[in-house]
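Start from the sequences and build out the full structure, keeping to the hints where you can.
In case you want the letters, here they are:
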Amino acid sequence: MDNATNFSDFRTQSKKGILVIYSNQIYSFIRAFSILLFVFIQKFSKFSSISLSYIYFGFAAVLLFFLVRAFLIFKNFQFKVENNHFILKKGILKKTNVEISFDRIQNINFKQNIIQQIINVYEVNIETAGSSKAEISIKAMTFEQATALKNSITIFDKKNIESDFEIKEKPLLKIGFLELLKVSLTENHLQSLSLLLAIGIGFYQQVQQIFESFGNNELMENYIEKNSVAFQNSVIIILIFSFLLIFLGLISSFVRVILVHFNLIVFIKNDTLEINQGFTTKKSVVLKKNKVQYITISTNPLKKILGISFITFNQAESGISKENTQKIIKIVGCKITQILAIKNLLFPRENLSDFQKNQVDSYFKKRLYIRGFLLLILLNVGFYLVSKNPTIFWLNTILVPIFVFLIHLKYQKRTFLFSDEIFEVNFGSIETHQSMIPFYKIQHVSLHQTIFQARKNVADLVFQTASGKIKIPCIKINEALKMYNFALYKIETSQQSWM
Amino acid sequence: MTNSFENISVISFPDISENEFNPIERKYLNIIYINIFSFFFISILAVFLIDVTKIIDIHSFSIWLYIALIVIFFFIFFIKQIGFKRRKYLVRNKDISYKNGLFLMKTTTVPFNRIQHIEINQGPFSRFFDLATLSIFTAGNSSHDLKIRGIKISEAEKIKEFISSKIDG
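Chain order of the listed sequences is S and P. All residue numbers for the first sequence refer to the numbering used here, where the first residue is 1 and numbers rise by one. All residue numbers for the second sequence refer to the numbering used here, where the first residue is 1 and numbers rise by one.
You can trust all of the hints, since none of them are fake.
DSS-like cross-link-like pairs, simulated, lysine-lysine; straight-line CA separation at most 25 angstroms:
no. : chain 1 : residue 1 : chain 2 : residue 2
1   : S       : Lys490    : P       : Lys160
2   : P       : Lys147    : S       : Lys469
3   : S       : Lys482    : P       : Lys94
4   : S       : Lys469    : P       : Lys94
5   : P       : Lys88     : S       : Lys476
6   : S       : Lys456    : S       : Lys482
7   : P       : Lys88     : S       : Lys469
8   : S       : Lys456    : S       : Lys410
9   : P       : Lys166    : S       : Lys490
10  : S       : Lys75     : S       : Lys150
11  : S       : Lys456    : P       : Lys106
No lab work stands behind these hints: they were computed from the structure. Note that the structure is predicted; figures quoted are calculated from it, not measured.
As structure tokens, this is what we get:
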């Protein structure tokens, strides 16, 4: 026990890590050469026994090479904790030394994919706010080791450690399967469907490439053509098809929600939120209160009836890293009391409900109409080019009301208000979003004005945070300037650190 | 219900619109000219070479390509010249601001206490004219940070020095 949780000398991760690294390598190998493998299986019978044995030999060599490599990666991956610094050395040929001081560490997250779940180890990810180079991922640790490491890193954060075990029993939020079902039913199915379509198109292109390489392209094309002719002729097929789409949308949102949010449990400990969720890949995230840059509370009409919303936490993103999505953490199925508790944790003593909502200028509506009109023209041209049939323009009788309705909603929901400390902006069309950002978390402020806006005396105000920007479009120039000056005043006089 | 604007309790705080912004160095216009000229020289040369060597057959409409390039050239030349007067900067006691844009006017202010680091860059042409670019980086996505092109190198260093003393002090 003592040896396993001692971090003062250089040490390797758990020996099971070899297996994890090995499986990761094989997985990425299979992904990279999936098409080749497909071809291999297709032509399996055509290979002579001699070339087959060569291929088997090749596979065995690759597997062995990966095993040796995994072992070397494991052997060379050593870390220790010293002087409030986490020190890591790694690399087989190219040696790397990383040293991170504790106060630059944003988060320590635990993660488990399927293999890690089977052999019962945890992946420990150390996130920093600096460059992406400094992100550290330790592939395999037992639970005791992982928590010990986490504690030895956070031990200097004295406030956190005091009541680490006291409050743990009572979670703030626990989402069971039934509630998750409710959440998934009220998701944005259009979005799920388009995600699925994107994956489908990618897959289709891959399949097409394979067919092409076999010279069977015609077969595929014929198949699709035949289907699309039938499609145009038969209303029943269109109906079935749209039902199928709705069904697919439902299924895909269900799968998406279950995969990410399965068994969601949220704890509040002194100044942190601990979030556990995930089905095949279990994730445990500790959100420090002061690392959260801003939050967005979102709901849609269906969710509103059930009284649930989801909350998105935006953390500071690292400078160059493109994987911004990792820094955005979402929890679903929150009731009003839980939202209040989270608001209370992040922004104590702030009550924005006393303030009146300010509407953006009507120029915003005008701009939306102009943009919508241009989009409609483009759509119409597109329709005509595809069908060559003027009756297609009747589609506009459906499209125009939808456009007008959406624009109306978008304008109605665009409001903002602020207290001495916090800025709140509301937006959305069918969904409703509410972003809240404390003034001192703002990095810099900009004012944008096109020449058309200048004529109407309106401007866009942009607050840049360490986690993306927040834009308030088309507000009166004198109000915009007032907020611009006020925000600057608040940033420049604030004593709080933004992270 | 309170109005957010009426709630602002501080009676007066520094107003950005009341300050006089400084124009950038007039010499920087030369660099802009050089950049535009070299860009168009290369693109016209490219069209010419393609036309002569017949890699792609564009002979039938090559004259229109030249005319289009020249029209675009004068258009951009004109725009840049007018837009140049809009490039202004301002250093206050606690922040630095930059204004630019002709069709889309942008004003950005970065408070000193949010600055991560400062860079001074000098290209070959800038060195000839004794000019520099002052870049200021904050946390998060760095593509939206503040960049002042075309100020004197001595001025850039002075600003950098000033900001550094303010941050440390």
